[in-house]
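There are 4 protein chains.
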Amino acid sequence: MSLSVTALNCTLKSSGPSSTDRLLDLVMDALAAEQATGSRFRVAAEAVKPGVSSDEGDGDGWPRIRQSIVASDILLIGTPIWMGQPASVSKLVLERLDAFLGETDQNNRTPGYGKVAAVVVVGNEDGAHHVSAELFQALADVGFSIPAGGPAYWVGEAMGSTDFKDLPAVPDKVSATVRMLARNTAHLARLLKASPYPGY
Amino acid sequence: MSLSVTALNCTLKSSGPSSTDRLLDLVMDALAAEQATGSRFRVAAEAVKPGVSSDEGDGDGWPRIRQSIVASDILLIGTPIWMGQPASVSKLVLERLDAFLGETDQNNRTPGYGKVAAVVVVGNEDGAHHVSAELFQALADVGFSIPAGGPAYWVGEAMGSTDFKDLPAVPDKVSATVRMLARNTAHLARLLKASPYPGY
Amino acid sequence: MSLSVTALNCTLKSSGPSSTDRLLDLVMDALAAEQATGSRFRVAAEAVKPGVSSDEGDGDGWPRIRQSIVASDILLIGTPIWMGQPASVSKLVLERLDAFLGETDQNNRTPGYGKVAAVVVVGNEDGAHHVSAELFQALADVGFSIPAGGPAYWVGEAMGSTDFKDLPAVPDKVSATVRMLARNTAHLARLLKASPYPGY
Amino acid sequence: MSLSVTALNCTLKSSGPSSTDRLLDLVMDALAAEQATGSRFRVAAEAVKPGVSSDEGDGDGWPRIRQSIVASDILLIGTPIWMGQPASVSKLVLERLDAFLGETDQNNRTPGYGKVAAVVVVGNEDGAHHVSAELFQALADVGFSIPAGGPAYWVGEAMGSTDFKDLPAVPDKVSATVRMLARNTAHLARLLKASPYPGY
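Chains as they are written, first to last, in the numbering used here: chain A, 176 to 375; chain B, 176 to 375; chain C, 176 to 375; chain D, 176 to 375.
Check each hint, because a few of them may be wrong.
Copies of the same chain look alike in the list, so a pair counts if it works inside one copy or between any two.
As the list claims (entries may be wrong) - Listed next, the in silico EDC-like pairs over lysine to aspartate or glutamate satisfying Cα-Cα at most 16 Å (straight line):
id	residue 1	residue 2
1	K224	D200
2	K188	D230
3	K188	E221
4	K224	D273
5	K368	E221
Rather than coming from a laboratory, the hints here were simulated on the basis of the structure.
Start from the sequences and build out the full structure, keeping to the hints where you can.
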């Protein structure tokens, strides 16, 4: 069973090299090995407006991204850490997904039901667990399921200054985590695609 | 397919009436309607020692609880909110589950793999989303899967003083959330029991 | 001793009525009674760019806000809660303040040193404690001091739908909290203005 | 002006070497250079009961610690990170401090008013910012003031295994942070001791 993926890079930069992109590359490759492929958006380049509706009108970049998410089996959110917390761009995404709560079907299921969310976090300091906590909670709230095993992440030594994109090689533990995340995410997505939540 | 549940009440009180128990009652009833039944522990009454191993020796109450979790398909954690945060007793539980990370099988799967975790939160103030964020993150880290829909919770008006156990009736929205949590949790647990994560 | 205040309303809406504004009104009035006055910005209307520098160039609205903050004794951040978490607009502000870490003086003091930060939170659901946690941590990291007493906040009953701006009257507990916040904030700001941190 | 300090080591271990102790040693030394001295408790060895009152009766170890805190100008909390979150022992401490909210004087001031809280965090992984966020919020809620500059912390490279207590030397950045924390904490404590918050 092939699966579709929407990946969102929530870096603050609208262009240029991104550590988050580098880790997303690894995860997308590992997902492809599980027959899960799709498209990636750099959210900061997409003119997404702040708000909590599915369309904030007038040039809003969100509807196009939302359409891709709704058509996908897997949502992959990649975010850098700033001040130990999720990037504001990832919070913007979560707020837009809040609209799912008002878009339930006749069985009280949001458009997120049956989809699996996975999280990728990169920082040169500290904060990956907390960032994934915030994302997992908000994503579960709006109907995504969270697979076993937590996020794929890389965080340098605290108060250090190395960036993931500049590492000469990917650490083995990161590679192992990426592989496990891809396998778990694809497995859960296949199960839920074949057997959707019934709602009530 | 019948399912087994371990429910943990993480109130700070070792005995007496508990708002967390009242909400757990509702969730356990709703799970029973999905053929998911099992046992409940009041952790504060079980002499669980602080630590990050599976057995801290010498009168430690954790091994008995751990055995029940390992034998179950569903882990249900109920916690009150104190100061907007998870109760210390629930943190004690998460720390003891941390030992799962060192107990992986030949396919790198922790004892949590294939199990579903659900969360129940009660407060007379504020904090249910944050509490579920912390629990979801830690539970996913050690291998549990998180179903669609977030926690079942009740929180009174901020700076108020009503307790859930003293409400004359269960609010309809709480009942609806409980029902959805039970259905989603059981559905996901059945899928993962029939088709375990492969690991790698 | 008179004090200057910069207040930031971090609602997602660039215009229109705002519950956050209503609570900021109360706090600004209470601060004025302590001889602390100043200006308020609605950040979503100010074209603030994502980033972690003090000037992201080319139409960036941050430098004007930053100038006001640097010239003030008190920074007051008001934010709504979305999904139990701080609004993305408030995270944008924190990220821009991150630049302070690279702008220390000869005594290793950031531009935030000697300034007091206070936090105002409004939600129709749940999350005030967590929101203040995230703001306090990031604000302390970049050099602001946090007075006794926590945030001023209002949060409706969980899963409810009342907005603070539509309440017929301000609850007494909110008024009391606002008054205490204003007194504590002004007191600490006066002390630090008269006796700055020495750095090292 | 000399100052008194109560330091709490919130390691999960009731005895033996502790990375948290090592970092607390550094901070206590730096505070001593500011004429701030006092006593340290290893909370896990003190039979502190879970609860939210100032005395849980019958062998409870908290009243002795509470008495020291109430008599001190500075509260220093040191905690390890587990799963990216504060240790359960530190949560136990925060819950016991919650009782301050019911112990206000005629000017609505809790026993924490006028005291400064500082935070020390050690982990071999990730989570110092989040841990300090949770501690700062709860401490401010009950009346402590938070000085400029955030926590003193050390966190190893994520998914690593080095402990702070085993480092051959203290990194320069940690030493600088410790020194700044001590100077800021003592400065703020002196100001508030000489000029207490008035309350209302």
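Results for each hint:
no. : hint           : in the structure
1   : K224 with D200 : neither (26 Å within a copy, 26 Å between copies)
2   : K188 with D230 : between (23 Å within a copy, 14 Å between copies)
3   : K188 with E221 : within (11 Å within a copy, 19 Å between copies)
4   : K224 with D273 : within (14 Å within a copy, 23 Å between copies)
5   : K368 with E221 : neither (29 Å within a copy, 41 Å between copies)
Hint violations for this structure: numbers 1, 5, all remaining hints satisfied.
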